[in-house]
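> So the chains spell out like this:
Number of protein chains: 2
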Amino acid sequence: MPATPDKKYLNHANEIGLVSEKTFSFDGIFNLTSGETLDGFQLRYECYGRLNAKKDNAIYICHALTGDHHVAGVYTEQDHKAGWWNHVVGPGKPIDTNRFFVLSSNCLGGCRGSTGPSTYHPKIDGEPHGANFPDLSICDMIRAQHALIEHLGISSLHAVVGGSMGGMQALQWIVEYPGFARNAIIIAATAQHSVQTIAFNEAGRCSIRGDLGWENGNYPNGAGPTQGLSVARMMAHITYLSDVGMEEKFGGEQRLDPSKKFEFSVQGYLDHQGKKFVDRFDANSYLKLTEALDRFNLVGEDGLASAFEKVDTRTLVIAFSSDWLYTPKQNKDIVDALLLAGKNASYLEIDHSHGHDSFLIDSGPFLKALGSFLKEEDHANDSDQVLEDDGFRKLKNRYEVKKEADFRAIDDWVSPGDKVLDLGCGRGLLLEHLRATKNVQGLGVDWDLNKSISCISRKVPIYQEEILSALSKFGDDSFDWVIFSRMVESLPEPGKILEQALRVGHKVAISFVNHGYWRNRFNFLLHGARVCNEVYPHQWESSHLSNHFSIREFEDFSKRLLSNGMQINLGRKVFYRGDWLRKCKFLPNFRAGLAIYEIIKKG
Amino acid sequence: MPATPDKKYLNHANEIGLVSEKTFSFDGIFNLTSGETLDGFQLRYECYGRLNAKKDNAIYICHALTGDHHVAGVYTEQDHKAGWWNHVVGPGKPIDTNRFFVLSSNCLGGCRGSTGPSTYHPKIDGEPHGANFPDLSICDMIRAQHALIEHLGISSLHAVVGGSMGGMQALQWIVEYPGFARNAIIIAATAQHSVQTIAFNEAGRCSIRGDLGWENGNYPNGAGPTQGLSVARMMAHITYLSDVGMEEKFGGEQRLDPSKKFEFSVQGYLDHQGKKFVDRFDANSYLKLTEALDRFNLVGEDGLASAFEKVDTRTLVIAFSSDWLYTPKQNKDIVDALLLAGKNASYLEIDHSHGHDSFLIDSGPFLKALGSFLKEEDHANDSDQVLEDDGFRKLKNRYEVKKEADFRAIDDWVSPGDKVLDLGCGRGLLLEHLRATKNVQGLGVDWDLNKSISCISRKVPIYQEEILSALSKFGDDSFDWVIFSRMVESLPEPGKILEQALRVGHKVAISFVNHGYWRNRFNFLLHGARVCNEVYPHQWESSHLSNHFSIREFEDFSKRLLSNGMQINLGRKVFYRGDWLRKCKFLPNFRAGLAIYEIIKKG
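One line per chain: the protein sequences are A and B, in this order. So that you can map any letter, position 240 of the first sequence is 374 in the numbering used here, and since no number is skipped, the others follow by simple counting. So that you can map any letter, position 487 of the second sequence is 621 in the numbering used here, and since no number is skipped, the others follow by simple counting.
Bear in mind the hints are in silico, worked out from the structure with no lab data behind them. Check each hint, because a few of them may be wrong.
No distinction is drawn between identical chains; accordingly, a pair holds when it is met within one copy or between any pair of copies.
The list that follows gives simulated cross-link-like pairs (lysine to any residue, SDA-like), each with its CA atoms no further than 20 Å apart [said to hold, decoys possible]:
1. Lys719 / His661
2. Lys509 / Arg184
3. Lys553 / Lys593
4. Lys466 / Val638
5. Lys693 / Cys666
6. Lys189 / Gly313
7. Lys410 / Phe314
8. Lys444 / Gln575
9. Lys477 / His640
10. Lys395 / Ser168
11. Lys693 / His406
12. Lys383 / Lys463
13. Lys188 / Ile288
14. Lys630 / Ser680
15. Lys383 / Trp458
16. Lys719 / Gln575
17. Lys463 / Gly385
18. Lys463 / Asp485
19. Lys477 / Glu443
20. Lys394 / Asp269
21. Lys693 / His661
22. Lys409 / Met621
23. Lys477 / Gln575
24. Lys466 / Gly385
25. Lys463 / Asn431
26. Lys736 / Tyr254
27. Lys717 / Asn478
28. Lys630 / Cys666
29. Lys383 / Val433
A quick note: this is a predicted structure, and the numbers were derived from the prediction, not measured.
One chain only, chain A, in its complex shape (with noise of 0.2 Å):
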């Protein structure tokens, strides 16, 4: 009796469900970047959803290393598997085919069907190229998919996508058609390789070529470096996963090998990984990949900003927090740059414990962070629904924030087109009224994932980071105002703070709790004790850490930055009494409950 089939990828309304194969043929001379020439080639892809009439809703997928054209659904009905990010691709799904035409292709150089080593040589009958293969790079692999979207009548991209070799190759994208695609997600990925990182891969390809069976690249099809190829794979595999990771699969109980045949089972594991690697990898394909990613370098003599001058995309990066291949802090670079580059660019750090691999597995922000990403347009309904999903400070509607005491000086103050930098800027608020009411350049600083989510539904570009940490990056003058909106109280030493945040911007705008408004002051002598109150919700031993301040002390501060030869001036203040509703001009230390400054650099 036949297995019956597994029907959860068809019939359903959320899966894409049957996908077929498809190869474009690309005629003539293609110029590699390396000089030398291929005489034609082909791209094995694969297409979901419906190109609009405007041909305006394409999203290219480019895969990773070992990946290929088949990100969704299924090729027959007996298919136990579907595609590798069928979790992320489909009706209604994050990457939505009911909304975007999704394309992908098996890359130039590949073996899963597009012209590469393993492919036969036009010139030479019935061999394939081999150890002949030219040298390949990833812009030549983007240089081929742009051919296959021209073909296919398609002249922008409403996004690019793609995690680890496929982000270095959507970064690649931004880079060498600028505007093509509007908005680039680049996932687990990196500018350039680490050292780290090309001496694994080095030591992969020792293992290939120094398998008798490679014979300098020329091994026929179907045979060639089968251990040195596994061993490779092995020890790469355990690169894209991470330590926790690991111990949590094949640690503690699982540690060792409940079939006996292996010792441990991550040794079962990795002997697995090897052997089903070599069935579907072609060993030339894989040296000719990895050396492709080693070279990979935007960052050149230059720097990275000036790789990403001509760059008009909005960009999403996201790192995984145990990502140690290509680590949150090379995706940090990317978006550093982009911004010193004065870019849309935003960053996401995920805590997930798969390691590398991560961008792989379905994980639920993972998911919402590229659907709201991907959004064409902001739905107010969408946006409050996060605001209570979330679970933070409910506003009636997002229009409450014009209540927001401190946002009514600051909307005040900020002039049409200014650049702001919003430091601890939570969900986003005020960026997103600054932008509809004075179309503001705005950037957000925050540490928190899911407001940093927020961040992007609102379409306000977002830096998920530490302040003084994002502060550090950016260059001088980079912004019209830097916004500390009632969360100075909460750093640790923030003199220094302000005084980068007044190099990187030209002026500052802060606002504060006064501490010393008369009620915590007559409440301190008579009780000898802090305050509960809705400023000040908790009691002693539930309290963070902050460094509340009070008007005079501000003050005090401005006077000896001054003295210390700072060139600023205080510019507008604004007092709000004790209601933060009325203003209040007189005795301000005394009578006010919040306060907002203007600095003002000169010069």
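Use these hints to put chain B onto chain A, whose structure you have.
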């Protein structure tokens, strides 16, 4: 003309100079933990310094996986390279050969002169053991070392010291021979390999066994799986370094190979490491030793603390921040278990960018830690020196500690022989004093390395760690006293931390600056700004975050604990006036500058 010999290792007061190898032969049957036997064995060893008349000044040094017994000195006047730990071992060096008799041997199963797979099989004339060499364990290695030590007429060790595999041997030493070593220093080690480490070793072994030259382990001496062994070494070598360290050495301007022989500098480095290793190491030894490491498991089914039940050795565990092979976490696990088993154990974490191999590098804090720990006697003058060197608050001499107001009260409350945990212990002055006057068993916790090393030099056991993280590791009722001396103000959400402290201790002593002191109140009323004085030394802009509180807030908190069902009593309390000298009984929340409370857990 012959090259001038490098004299830097000769004829210097702090160099061992010329050394020579010795050989110990064990005759008879040696039982291995696997159940197999060896019909006699040899250990190649070296020793430096002089064994004293009492034969109690010996220090045994255990080497790492690919290290050997040549720890220090040179063999000939022409040697350009000294032993691998020459900067650690020598006259006046941290392991001081003027005071100690230092011993080290090539491990059993090794290939540098001791019996192993490449030495000749006694039963098969002229053939190496090869694949027939029995499986080894770390325990077998240290039992062989014990036989050598007995042979030398030594019945106790001043210390056993080792890094990496040597650290695991040192750990096995203190378990297998309780009390034999009075001190142990375990560096960059683990009580059990992580799954990731096993995976890397397995990939290396597959590389060796997959090489046709391996011949199932029966290759003749001088031949063997050179290619496979070289790849295994390359890969392992990456795990000995750190990402940052590799970037420093082979990144930036050094990224491309200047010799053009390779593309990237790191390729040439790995190639060199691989080739050099093949010349000096035996593949079968590598297999046997890595298997012994992977199988090393003191955790077992009953947990690590249970393995440490009989330990009777004062132990220091040192980890390096960038070590991702045997991580700080793995090293802390050893200390956690030793403490859980009630043993004298200390933990230091040294910030160093060289990854696992940091223990082989000459670094100041590391050498200072080794030397301080091994000192036989505590010298008051030395300790004072440490105080001044570290640049912390200077006391005229360490007995000034008695003048510290809260130390006086705590000294009064603690009973002789009590177990005392001092959280935020700084340089360990209180615990040193309590040990001298009350013979308490103390443990300090502080996150600062320099202060922690000062504790080591005071013979105060120290756990260099964040307070909440450290507290979470201790068992219920592990201490008679938990002490917070003027540091609760710097803890977020102190209620949770105090509850943890009451879990691990019978009593808690807490001293704090009373924020409700009358001068603070009047100052705040009049000026609406913080006071700046000796107790609160910083202006707003240079303040760290804090959570000051008053006597009243502390007493309110303890009432809330009681009403929440916590079974505690407030016991003795002592208040000092603003001068911290005169006591104060009347209206303490108004009049006291310093408060010290005893909290007693009921039942």
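> Could you work out which of the previously given hints the structure breaks and list their numbers from low to high?
Structure breaks hints 7, 11, 16, 22, 26 and 27.
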